[in-house]
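**Student:** Those protein sequence lines, which keep their order, are chains A and B.
Just so you know, the first sequence maps onto residues 1 to 402 in the numbering used here.
Just so you know, the second sequence maps onto residues 403 to 639 in the numbering used here.
These are computed hints drawn from the structure, not numbers from a lab.
Don't take each hint at face value.
Derived pair list, reagent style BS3-like, types lysine-lysine, alpha-carbon separation capped at 30 Å [claimed, not checked]: (1) A:LYS303 / A:LYS36; (2) A:LYS256 / A:LYS79; (3) A:LYS36 / A:LYS82; (4) A:LYS82 / B:LYS475; (5) A:LYS79 / B:LYS475; (6) A:LYS82 / A:LYS120.
Derived list of chain A stretches under chain B, where covered just means 3 residues or more per stretch with a C-beta under 8 Å from a C-beta of chain B [to be verified]: (7) 10-18; (8) 139-146; (9) 337-345.
Some residues of chain B that are not near chain A, with every Cβ distance over 10 Å (derived) [stated by the list, open to error]: (10) LEU469; (11) LEU500; (12) THR529; (13) HIS537; (14) ALA538; (15) VAL539; (16) LEU547; (17) LEU560; (18) GLY578; (19) ARG628; (20) THR631.
We put the CB at the ideal spot given by N, CA and C, even for glycine.
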Amino acid sequence: MGDTSERSTAEPLEFRDATKRYPGSSEPAVDGLSLKVSAGEICVLVGPSGCGKTTAMRMVNRMIDITSGDILLGGRSVKERKPEELRRNIGYVIQQIGLFPHRTIGENIATVPALLGWSKARMAARAEELIELVGLPREMLKRYPAQLSGGQRQRVGVARALAVDPPVMLMDEPFGAIDPINRERLQNEFLRLQAELRKTIVFVTHDIDEAIKMGDRIAVLQVGGKLAQYAPPAELLTAPASSFVEDFVGADRALKRLALQRVRDIDLWTVATCRAGEPVGALRERLADADLDIPLLVDAEQKPVGWLSERGLTGERVRPELRSPAEPIVELDDILRDALSDLLARESMYGPVVDAGGHVVGALSIQAISHAIGHARDDVRGAADRVDSDRAPEPAEPAGDP
Amino acid sequence: MSQAPIAQSGGFLRNRSGDTGCPSNDGICLGWMVDHLDRYWDPFLEHVVLTLIPLAIGFAIALSMGLIAHRQKWLITPLTGLTSAIYTIPSISSFLLLLPITGRGNDTAIIALTAYTLVIIFRNVITGLAGVPQHAVDAARGMGLTGTQLLFRVELPLALPEIIAGLRIAAATTVGLAAFAYLAGAGGLGANIDSDIDFRGNVLVCGIILTLLAATLDAIVLFVQRLLTPWRRAVVT
Numbered sequence: 001m002g003d004t005s006e007r008s009t010a011e012p013l014e015f016r017d018a019t020k021r022y023p024g025s026s027e028p029a030v031d032g033l034s035l036k037v038s039a040g041e042i043c044v045l046v047g048p049s050g051c052g053k054t055t056a057m058r059m060v061n062r063m064i065d066i067t068s069g070d071i072l073l074g075g076r077s078v079k080e081r082k083p084e085e086l087r088r089n090i091g092y093v094i095q096q097i098g099l100f101p102h103r104t105i106g107e108n109i110a111t112v113p114a115l116l117g118w119s120k121a122r123m124a125a126r127a128e129e130l131i132e133l134v135g136l137p138r139e140m141l142k143r144y145p146a147q148l149s150g151g152q153r154q155r156v157g158v159a160r161a162l163a164v165d166p167p168v169m170l171m172d173e174p175f176g177a178i179d180p181i182n183r184e185r186l187q188n189e190f191l192r193l194q195a196e197l198r199k200t201i202v203f204v205t206h207d208i209d210e211a212i213k214m215g216d217r218i219a220v221l222q223v224g225g226k227l228a229q230y231a232p233p234a235e236l237l238t239a240p241a242s243s244f245v246e247d248f249v250g251a252d253r254a255l256k257r258l259a260l261q262r263v264r265d266i267d268l269w270t271v272a273t274c275r276a277g278e279p280v281g282a283l284r285e286r287l288a289d290a291d292l293d294i295p296l297l298v299d300a301e302q303k304p305v306g307w308l309s310e311r312g313l314t315g316e317r318v319r320p321e322l323r324s325p326a327e328p329i330v331e332l333d334d335i336l337r338d339a340l341s342d343l344l345a346r347e348s349m350y351g352p353v354v355d356a357g358g359h360v361v362g363a364l365s366i367q368a369i370s371h372a373i374g375h376a377r378d379d380v381r382g383a384a385d386r387v388d389s390d391r392a393p394e395p396a397e398p399a400g401d402p
Numbered sequence: 403m404s405q406a407p408i409a410q411s412g413g414f415l416r417n418r419s420g421d422t423g424c425p426s427n428d429g430i431c432l433g434w435m436v437d438h439l440d441r442y443w444d445p446f447l448e449h450v451v452l453t454l455i456p457l458a459i460g461f462a463i464a465l466s467m468g469l470i471a472h473r474q475k476w477l478i479t480p481l482t483g484l485t486s487a488i489y490t491i492p493s494i495s496s497f498l499l500l501l502p503i504t505g506r507g508n509d510t511a512i513i514a515l516t517a518y519t520l521v522i523i524f525r526n527v528i529t530g531l532a533g534v535p536q537h538a539v540d541a542a543r544g545m546g547l548t549g550t551q552l553l554f555r556v557e558l559p560l561a562l563p564e565i566i567a568g569l570r571i572a573a574a575t576t577v578g579l580a581a582f583a584y585l586a587g588a589g590g591l592g593a594n595i596d597s598d599i600d601f602r603g604n605v606l607v608c609g610i611i612l613t614l615l616a617a618t619l620d621a622i623v624l625f626v627q628r629l630l631t632p633w634r635r636a637v638v639t
């Protein structure tokens, strides 16, 4: 059980008309919430303050009891289970992390194992395993929370939540108190961890950008605890279900969509390549078939050298000295938003696209990007790949759709 | 225990007819003080008992009241009011007020002294428990700690510094108040002071002993606190 090779399988989670009404309040905090989270997916609950997102999350582990409706975890109603037992099997991470200041990091991580009566040796081994999993040195286990930075504490919070390898995790604004640079890093680390662990996660945030980045599916809640839309990020951005969702995702939702796609996901322009000294006649024929009317000079390995100028085509043979720099060079794995930013920064309408080996495979132009945005509505599924913005050369994660 | 100091008042510390020089002038007589320290040993032990027993009982009662009131918040105000009201009764009158009910002796002194510790310790228990970081409590509940586990594993350890701070104040206060216990017929160093209050050497010895007792108790409690709260000394890097 404590062995990483025998991970508990994630369980699906379902809200069935779940409602929370506080006594003395006319409006429900959560109003008939129904949604399904597939096993191993991150479901982000997002919305303005007062929309009941945290309440909805806390109903899962019965920190708040449901007034009517039900929540099923692995097909079983949470109401049938003793709250304490239920909670020990659900990872719990909150914004303030809530590490116990009087316990060492090792003891903090072993909180739930201690409740379950694990042996000391097993708890120590598990703590070592987890501290490494979240990327902290083992020496940290003997320290107290006050001796750690905010980012380190946050990692310990995640490690503690994973201690007994629960099938489900609840995360309430887990990165909310972290500065922007470290938040981005922690988000990426967490996505990498999740790609490996594949927990079912309910993730609460008020930040739509974080929701888009972290979520396989996003539930947008509006004030009064009503579900406004439940969809994968790309669909939310291309087809907002209501004016509320449209406003909430923001006027720049087309740009946000670009953050979800990589260069390889869109139709690139074809480009005519040429080498120094080759006959201009044949090049002109290829040029007629290419999307881009300027030839790209490449070296013997098909790596870009520069754009050939008009005058470079006037002679019999291609004159390589008549060229302008082929910048920016874009990689297939680049995030589309970053690639667009590169184009704008270089005041360039297009740039050569290379594969991982540096070989030219086409060109990315601003027209191609806007074309991709324009056609997004017809092609929501194709864009559903989640993108990790630090461009780690890892295998692409499975599509967010179940 | 010693029931008789008042009866010996005046005569038992120094023999006025035999003493000459400094003691007969009611001076601060270092030589006499050193020579007659043995006369203070038994009263000192009585004083320690009169301090420690009320502290222990008071701590047990105040902690229990604090834990109950922490769960039943509405009790905080009436319990604070009650213990504060007791504290406002002048100590000398409370010793005398209890005499007709509990009679002369240690019991009366211990009851009165215990009552005075309550408000100090109770308030600090409540403040300490209220000061436990809410997010630590939320995380503990979210991880499946039961109410009892939450109390003993999270709340009490984190409230400990505040509770112990209360205990330290209570200890110092009780050492001082126990000097009036002789009024209820109990012993202690108060009896020595009263027996020869004009003799400055005598009063000074008692004062020094009381001060040392208070300081020692404080140091012991502080030492225990440091043992129990290692996280407070962890160096923030």
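**Student:** Run every hint past the structure and note whether it holds.
**Tutor:** Against the structure, the hints come out as follows:
1. A:LYS303 / A:LYS36: Violated: A:LYS303 and A:LYS36 sit about 48 Å apart, past 30 Å.
2. A:LYS256 / A:LYS79: Between A:LYS256 and A:LYS79 the Cα gap is close to 39 Å, so the pair fails against 30 Å, i.e. violated.
3. A:LYS36 / A:LYS82: holds, 23 Å
4. A:LYS82 / B:LYS475: Holds, because 25 Å separates the two Cα atoms, which is no more than 30 Å.
5. A:LYS79 / B:LYS475: OK: A:LYS79 and B:LYS475 at ~28 Å, within 30 Å.
6. A:LYS82 / A:LYS120: Holds, because 26 Å separates the two Cα atoms, which is no more than 30 Å.
7. 10-18: That given contact is violated, which follows from only 0 residues of the stretch 10-18 of chain A lying within Cβ reach (below 8 Å) of chain B.
8. 139-146: holds (count 3)
9. 337-345: Three-residue rule not met by the stretch 337-345 of chain A, so violated; n is 0.
10. LEU469: holds, 18 Å
11. LEU500: Label holds. Min Cβ-Cβ 41 Å, cutoff 10 Å.
12. THR529: holds, 17 Å
13. HIS537: Answer for B:HIS537: violated, closest chain A Cβ roughly 4 Å.
14. ALA538: violated, 5 Å
15. VAL539: Violated, because the least Cβ-Cβ distance between B:VAL539 and chain A comes to about 8 Å, which does not exceed 10 Å.
16. LEU547: violated, 7 Å
17. LEU560: About 6 Å separates B:LEU560 from the closest Cβ of chain A, which leaves it inside 10 Å; violated.
18. GLY578: holds, 33 Å
19. ARG628: Non-interface label on B:ARG628 holds, nearest chain A Cβ at 13 Å vs cutoff 10 Å.
20. THR631: It is violated; B:THR631 is separated from chain A by about 7 Å at its closest Cβ, not greater than 10 Å.
The structure fails to meet hints 1, 2, 7, 9, 13, 14, 15, 16, 17 and 20 from the earlier list, while all remaining hints are met.
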